[in-house]
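A.B. asks: Construct all of the structure, not just a fragment, from the sequences and the given hints.
Going line by line, the protein sequences match chains E and P. Using my numbering, the letters of the first sequence correspond one by one to residues 2 to 123. Using my numbering, the letters of the second sequence correspond one by one to residues 2 to 123.
To be clear, the hints were calculated from the coordinates, so they are not data collected in a lab. Small disclaimer: the values here were computed from a predicted structure and weren't measured. Take the hints with a grain of salt, since some may be wrong.
The list treats identical chains as one, so a pair stands whether inside a single copy or across any two.
[As the list claims (entries may be wrong)] Result set (DSBU-like, lysine-lysine): computed pairs, CA atoms no more than 30 Å apart in a straight line: (1) Lys10 to Lys95; (2) Lys17 to Lys56; (3) Lys109 to Lys95; (4) Lys92 to Lys10; (5) Lys9 to Lys99; (6) Lys56 to Lys109; (7) Lys99 to Lys10.
2 protein chains.
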Amino acid sequence: MNTEEIAKKVVELVRKQAWYEALDTLYDDNIVSVEAFSMSGGSPETRGKEAVRGKIDWWVNAMEIHSFDASDPFVGHDRFVVQYDADVTDKNSKQRRKLSEVGVYTVKDGKIIREEFLPRVD
Amino acid sequence: MNTEEIAKKVVELVRKQAWYEALDTLYDDNIVSVEAFSMSGGSPETRGKEAVRGKIDWWVNAMEIHSFDASDPFVGHDRFVVQYDADVTDKNSKQRRKLSEVGVYTVKDGKIIREEFLPRVD
Numbered sequence: 002m003n004t005e006e007i008a009k010k011v012v013e014l015v016r017k018q019a020w021y022e023a024l025d026t027l028y029d030d031n032i033v034s035v036e037a038f039s040m041s042g043g044s045p046e047t048r049g050k051e052a053v054r055g056k057i058d059w060w061v062n063a064m065e066i067h068s069f070d071a072s073d074p075f076v077g078h079d080r081f082v083v084q085y086d087a088d089v090t091d092k093n094s095k096q097r098r099k100l101s102e103v104g105v106y107t108v109k110d111g112k113i114i115r116e117e118f119l120p121r122v123d
Numbered sequence: 002m003n004t005e006e007i008a009k010k011v012v013e014l015v016r017k018q019a020w021y022e023a024l025d026t027l028y029d030d031n032i033v034s035v036e037a038f039s040m041s042g043g044s045p046e047t048r049g050k051e052a053v054r055g056k057i058d059w060w061v062n063a064m065e066i067h068s069f070d071a072s073d074p075f076v077g078h079d080r081f082v083v084q085y086d087a088d089v090t091d092k093n094s095k096q097r098r099k100l101s102e103v104g105v106y107t108v109k110d111g112k113i114i115r116e117e118f119l120p121r122v123d
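C.D. replies: So this is what it looks like as structure tokens:
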């Protein structure tokens, strides 16, 4: 798949909240996934498909997802961007909040090799 | 300035359509500016501040800008993203159209060293 096809597939799967299917079908084994902040004071970078699977496990277990919207993708060369707007409740703290961020994805040889998540700044 | 400060400044200046001020104050001399497509069959990459000034000259001369909106920035580490939605008429062809794209910016040592423009794909 080329960058545009992968971008459209990411949007399709995220809209279905099919996180594991996206990981298994679209991601390179050596994916680097970068958050803006680290959750536990460690590195904001996660390396490798199985480590990213752990992030999805955390997300699915920690959050009650009221809604999760993905924009149409923005595509150029080996890069694409998708905006996500979510309404979630942290199951632990019971705190409900809205998340707005973009994912910046890099594609190589038909797989996603890097993703960076950038939260909206008011 | 850090990444967030530069991101906010880009948004402030673009909302005023102060393209040259943004270039002169926020961009590195060795800026690399990447379009999704090349306009004349050449490289989609433009290198250096003066070459990017030429792109702005082209834009300002070629387009009648009815509106140009910039989103709040999305920021993480050395990267930020801004979504642009414009309503323009090409002065030459008289064709009016809406543009929707994101700019993906990379910052180093307080200056923008790379920008990539990715159009929205329906």
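A.B. asks: All hints are to be evaluated individually against the structure, with a verdict given for each.
C.D. replies: Consistency of the hints with the structure:
Proximity of Lys10 to Lys95 under the C-alpha cut-off of 30 Å is found in neither arrangement, the shortest distances being 32 Å within a copy and 36 Å between copies. For a Cα distance limit of 30 Å, the shortest separation of Lys17 from Lys56 inside one copy, 18 Å, qualifies, whereas the shortest one across copies, 40 Å, does not. In the homo-oligomer, the alpha carbons of Lys109 and Lys95 never lie at most 30 Å apart, since the shortest distance is 40 Å inside one protomer and 39 Å across protomers. In this assembly of identical chains, the alpha carbons of Lys92 and Lys10 lie at most 30 Å apart only when taken from the same copy (29 Å versus 37 Å across copies).
For the identical chains of this complex, Lys9 and Lys99 are neighbours both inside a copy (24 Å) and across copies (21 Å), given an alpha-carbon limit of 30 Å. Proximity of Lys56 and Lys109 under a CA criterion of 30 Å is satisfied in both settings, with 22 Å inside one chain copy and 29 Å between copies. In this homomeric assembly, Lys99 and Lys10 come within 30 Å of each other (Cα to Cα) both inside a single copy, at 24 Å, and across copies, at 25 Å.
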